[in-house]
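Chain by chain, the residues run as shown.
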Amino acid sequence: EAGVAQSPRYKIIEKRQSVAFWCNPISGHATLYWYQQILGQGPKLLIQFQNNGVVDDSQLPKDRFSAERLKGVDSTLKIQPAKLEDSAVYLCASSLDRGQHEQYFGPGTRLTVT
Amino acid sequence: TQLLEQSPQFLSIQEGENLTVYCNSSSVFSSLQWYRQEPGEGPVLLVTVVTGGEVKKLKRLTFQFGDARKDSSLHITAAQPGDTGLYLCLSSGGYQKVTFGTGTKLQVIP
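Chains as they are written, first to last, in this note's numbering: chain Z, 1 to 114; chain U, 1 to 110.
Hints were generated in silico from the structure; no laboratory data involved.
In this text the structure is predicted, and so the values were computed from the model without any measurement.
Do not take every clue at face value.
Simulated coverage check for chain Z against chain U, where a stretch passes if three residues somewhere in it have a Cβ under 8 Å from a Cβ of chain U [what the hints assert, rightly or not]: (1) 29-41; (2) 62-70; (3) 74-85.
Chain U is nowhere near these chain Z residues, computed Cβ spacing over 12 Å in every case [stated by the list, open to error]: (4) P8; (5) R16; (6) K44.
The C-beta atom is built at its ideal place from N, Cα and C for all residues, glycine as well.
Work out the full structure, taking the sequences as your base and the hints as a guide.
This is the structure in structure tokens:
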């Protein structure tokens, strides 16, 4: 079974530029999550999708971050414009359904904003 | 918003020692999961606990869920270098918000 795919793995941009991350979840998984992880800390949920609908985006900085999950499969997360404090690892995860189902994580995208 | 505090934040021990990591919440968990994350990778599930007072064992790892379902612990017996990583608790059951704990970074020195 293929795992969660993310691209790119690394990205370096200057502040005020824009960047987009892509995630392909495990086939058949209804729930998709985007997390932001600062080095050494626990991941912070940015947005949770159930199929192509948003379940929770309460911690997504909506003035600069946006995300979509077209057709309930792949997802993209965009930052525009980026700030220095956006430097982090962005993790995508998927699970069969909401709740206590196991989350499967991709390898993450390490973003550096200079 | 549910807050999950983990302690200790950092732990550096010698191979063969025992250790315990704690996860505490300000509110009741519907269910709790423990994950381990290695550098450059995403977290991987270790266990899910659902019932208050539940104890689960996974080889040298023992997981406990508090009777009141507001805390959980992870005990590792005879730690090995392969146990090195970031240990994370996660609350996501029912209609609770998905929330990770603050994390415990473990280093096991050979």
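Against chain U, does P8 (chain Z) hold up as non-interface, every C-beta pair farther apart than 12 Å?
holds (14 Å)
Holds or violated: the segment 74-85 of chain Z covered by chain U, criterion of 3 or more residues with Cβ-Cβ distance under 8 Å?
violated (count 0)
Test coverage of the segment 29-41 of chain Z by chain U using CB-CB distances below 8 Å; three residues minimum.
holds (count 4)
For the segment 62-70 of chain Z, does the count of residues with a C-beta closer than 8 Å to a C-beta of chain U reach 3?
Not satisfied, violated; 0 residues make the cut.
Checking a non-interface call: every C-beta of chain U should be farther than 12 Å from the C-beta of R16 (chain Z). Is that right?
Per Cβ check, R16 (chain Z) is outside 12 Å of chain U; nearest 28 Å; holds.
Given as non-interface: K44 (chain Z), which should sit over 12 Å from chain U by C-beta
violated (7 Å)
Violation of the numbered hints given earlier is confined to hints 2, 3, 6; the remaining hints are satisfied by the structure.
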